[in-house]
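So in my numbering, spot 215 of the sequence shown is number 215, and the numbers just go up one at a time.
Think of the hints as simulated: they come from the structure by calculation, not from any bench. This one's a predicted model, so the numbers in the text were calculated from it and none came from an experiment. Please note that the accuracy of each hint is not assured.
Pairwise CB distance ranges (calculated) [unchecked claim]: (1) GLU49 with GLY172: 39 to 47 Å; (2) THR131 with ASP52: 17 to 25 Å; (3) ARG30 with GLU168: 17 to 25 Å; (4) GLU49 with THR131: 20 to 28 Å; (5) ASN210 with HIS129: 29 to 37 Å; (6) GLY172 with ASP198: 20 to 28 Å; (7) GLU173 with ASP141: 18 to 26 Å; (8) GLY172 with ARG56: 46 to 54 Å; (9) ASP198 with GLY114: 33 to 41 Å; (10) GLY172 with ASP89: 34 to 42 Å; (11) THR174 with HIS129: 42 to 50 Å.
Under the rule of at most 20 Å between Cα atoms (straight-line distance), these lysine to aspartate or glutamate pairs were calculated in the EDC-like manner [unchecked claim]: (12) LYS31 with ASP143; (13) LYS150 with GLU185; (14) LYS104 with GLU74; (15) LYS104 with GLU168; (16) LYS31 with ASP141; (17) LYS31 with GLU209; (18) LYS166 with GLU29; (19) LYS113 with ASP143; (20) LYS104 with ASP89.
Backbone N, C-alpha and C define an ideal beta-carbon position, used for all residues, glycine too.
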Amino acid sequence: MNSPLIRVGVFYDGNYFLKISDYYYFQHERKARISLEGLHEFIRHQVAEEEDVDVRLAQVTTSHFFRGRLSATEARDKDRLFHDRLLDDILMNLGVCTHYMPLKTRDGRLQEKGIDVWLSLEALEMALHKTLDVVVLIAGDSDYVPLIRKLNTVGTRVMLLNWDFKYEDFKGETRVTRASQHLLEQATYPVAMHAVIDRGLQEQDEVVENMFVTQSEPAAFAPSTSGFGYNGAPTAASTTAAPSSAVPAAAGAAPGAP
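Full structure from sequences and hints, please.
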């Protein structure tokens, strides 16, 4: 007898997601960071709606966060050790499994290499061995198209949380975030999060409201335009603050430049 439970796996392209969180903190009128706990609750409701089941039957059974990061020595030298640890605490407290790869320097810039392949392999393995019914992918790159196609062949539905927005950063340059059209076409349930969030905030939808934290950030973030890490250094108060599910600043993002 098949279980009525809808097993959901959530997979984050970490750098993509942290940039989204920065957008809502620095650019969007909400001026708040995304709460991972609130986002997971939204995912449960969205899956329940798409699968036409009671929300109690839609459960996140596994979640994974993939990202490149600096060595401890490099992070210390760039005053980013605290922020890396803060992110780890947030993910650990929510039971999110972290997957890190060392950042590589190319043409004087730090870059992620292989994150998409690793995420894809883990997602497929989890779908097969944990019999996931729905994989929620938080990403926007067309490199994930083969993953979605393969998940489709094993009968796992794919929900793609994607954002589409543009803004002018503090240097006057236009920044655009948009998911690959090919990726959107392959997903079973593409969810335009920018529209869902704006509509939900306007209608004061409780589930959408809870996707954002209401408390202040646990650390100060100073403007920076270089590197691939968090900005600023922790204040004295921030080093003793208990971690919430608020996501800290994105790698290499200055205020106004996720």
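Status of each hint after checking the structure:
Look at GLU49 against GLY172: about 41 Å separates their beta carbons, and that is inside 39 to 47 Å. Checked against the hint of 17 to 25 Å, the C-beta distance between THR131 and ASP52 comes to roughly 20 Å, which is consistent with it. The given range of 17 to 25 Å is respected by ARG30 and GLU168, whose C-beta atoms sit roughly 18 Å from each other. Distance hint for GLU49 and THR131: a CB-CB separation of about 22 Å, consistent with the stated range 20 to 28 Å.
A hinted range of 29 to 37 Å holds for the C-beta pair ASN210 and HIS129, which are about 32 Å apart. Remark: the range hint 20 to 28 Å for GLY172 to ASP198 is upheld by a beta-carbon distance near 25 Å. For the pair GLU173 and ASP141, the supplied restraint of 18 to 26 Å holds, since their beta-carbon distance comes to about 21 Å. Evaluation of the 46 to 54 Å hint for GLY172 and ARG56 yields a pass: the beta carbon distance comes to about 49 Å.
At roughly 34 Å, the beta-carbon separation of ASP198 and GLY114 lies within the given 33 to 41 Å, and the hint holds. Between GLY172 and ASP89 the Cβ separation comes to about 36 Å, which falls inside the hinted range of 34 to 42 Å. Take THR174 and HIS129: their Cβ atoms lie about 44 Å apart, and the range 42 to 50 Å holds. Only pairs whose Cα atoms come within 20 Å are accepted, and LYS31 paired with ASP143 is rejected, the gap being roughly 31 Å.
Taken as a hint, the LYS150 and GLU185 pair is honoured in the structure, with Cα atoms around 14 Å apart against an allowance of 20 Å. Restraint check for LYS104 and GLU74: satisfied, since their Cα atoms lie roughly 12 Å apart, inside the 20 Å limit. For the suggested pair LYS104 and GLU168, the alpha carbons sit about 28 Å apart, so the restraint of at most 20 Å is broken. Taking the CA atoms of LYS31 and ASP141, the gap is near 26 Å; set against the 20 Å cutoff, the hint is violated.
Between LYS31 and GLU209 the CA atoms are separated by roughly 12 Å; this keeps the pair inside 20 Å, and the hint holds. Straight-line distance between C-alpha atoms of LYS166 and GLU29 comes to about 14 Å, which keeps the hinted pair within the 20 Å bound. For the hint linking LYS113 to ASP143, the alpha-carbon distance of about 12 Å falls within 20 Å, and the restraint holds. Taking the CA atoms of LYS104 and ASP89, the gap is near 24 Å; set against the 20 Å cutoff, the hint is violated.
In the structure shown, a violation is registered for the earlier hints numbered 12, 15, 16 and 20, in ascending order.
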